[in-house]
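Peer 1: Sequence:
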Amino acid sequence: MAGVWTNSLPGSWIGLTAVPSSNTGLGGSVQPARAEAPPAGPARKPPLVRRDISVGPSAKRTTKLTISLLYYLARGLSRFVLGLAGRSPAPKLVILYYHGIPDAYRSNFVRQLESIRRKAQVSPASHRGSLPSGKANVAITFDDAYVSVAKNALPALTARGFHSTIFVPTGTLGGPPPWSMEDGSPDSIETVMSAEQIATLPSALVTVGAHSRTHPRLSRLAPGDAREEIEGSRHELEDLTTQDVRLFALPYGDHDSSTIDLCRTAGYEAVFTTTPAPVDTTGSDLVRGRVKVDPFDGRLEFFLKYNGAYAWAPYLSALKRRLKNHRSFSADQKSALRPFVTYRRPKQS
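Residue numbers (my numbering): 8 to 356.
These are calculated hints, taken from the structure and not from any lab test.
Even for Gly, the Cβ is constructed at its ideal location relative to N, Cα and C.
Worth double-checking, as some hints may not be accurate.
Pairwise CB distance ranges (calculated) [unchecked claim]: (1) K67 to E203: 19 to 29 angstroms; (2) L293 to E203: 25 to 35 angstroms; (3) R329 to A211: 40 to 50 angstroms; (4) T289 to S324: 38 to 48 angstroms; (5) V294 to H242: 31 to 41 angstroms; (6) D190 to D287: 15 to 25 angstroms.
Restricting the straight-line Cα-Cα distance to at most 25 angstroms, the calculated cross-link-like pairs of lysine-lysine (BS3-like) are [as the list claims (entries may be wrong)]: (7) K99 to K331; (8) K126 to K299; (9) K71 to K299; (10) K158 to K331.
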């Protein structure tokens, strides 16, 4: 049966779906995908499933989900104990980032928004100051400004009064995304919004931010080229929207200290990465973390993401970087770390 993926956790835990269905998720069943005709035109790839939800790497995703669930439960216990002692941690903002919202996953996206409406409070990604307590605090952002976001996401967000931020790569308006993607990414058949679409976005509920001009890895560019990407995209957006552009999302989340310095010099008030760290909105930090979400995320997975339960991941990433630079591990140690670390043989010179 084509189009069905498997997962090592029960469907009632994760709720992964091969085709979108509002009835699939916690307690739901996995439905087979229907075959679709490939899109016309030789330059585009068919909308295959991303590699991170295919059969092969599903164990890694399940491991992350399990750790996040344990983290969420442990954090809840810790907060309960602190509450008994009259000490409650200050609320933090969890910033989500999507890419495209394809037609096939529109109903899934609406389900996710309903979950947020019931169990969280939505703030702008640029919010500074205190946050209300009692519920999760969430911000919603979109990278790459795809047409599917305007078509499928914005009407659902507007209907609920949810604010969102769209980060725009100004050098590719009105065309297909030319940057590299994972094989089979649904975004490979997307189109970036046109200049007219960007200019007419509803400013009351949508903030427009810069996402460079051509979506490069900024840390790999010469300083002058990186400056042009960072400053040029801001100027182009301000000319297009006649509004101040103060937010910047790093393509691929890639940056080094020089990149952040260039963003600060360019006048940005917040710079967004792809590190899933909740944000202390009472501080003055320029850099803000975000959690990657997709409209096909399972119910539990999405709930844990917008509740900040993936906050452990940056610490593991730092550990992975250290381990990858260390070549003296035993076979047993490497086996234990395999769900998290990919070991590669050094290239022969």
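Peer 1: All the hints need checking, so say for each whether the structure fits it.
Peer 2: Right, here's what the structure says about each hint:
| no. | hint | verdict |
| --- | --- | --- |
| 1 | K67 to E203: 19 to 29 angstroms | violated, 41 angstroms |
| 2 | L293 to E203: 25 to 35 angstroms | holds, 32 angstroms |
| 3 | R329 to A211: 40 to 50 angstroms | holds, 46 angstroms |
| 4 | T289 to S324: 38 to 48 angstroms | violated, 25 angstroms |
| 5 | V294 to H242: 31 to 41 angstroms | violated, 22 angstroms |
| 6 | D190 to D287: 15 to 25 angstroms | violated, 37 angstroms |
| 7 | K99 to K331 | violated, 32 angstroms |
| 8 | K126 to K299 | holds, 19 angstroms |
| 9 | K71 to K299 | holds, 13 angstroms |
| 10 | K158 to K331 | violated, 42 angstroms |
In this structure, the earlier hints numbered 1, 4, 5, 6, 7, 10 are contradicted, and the remaining ones agree with it.
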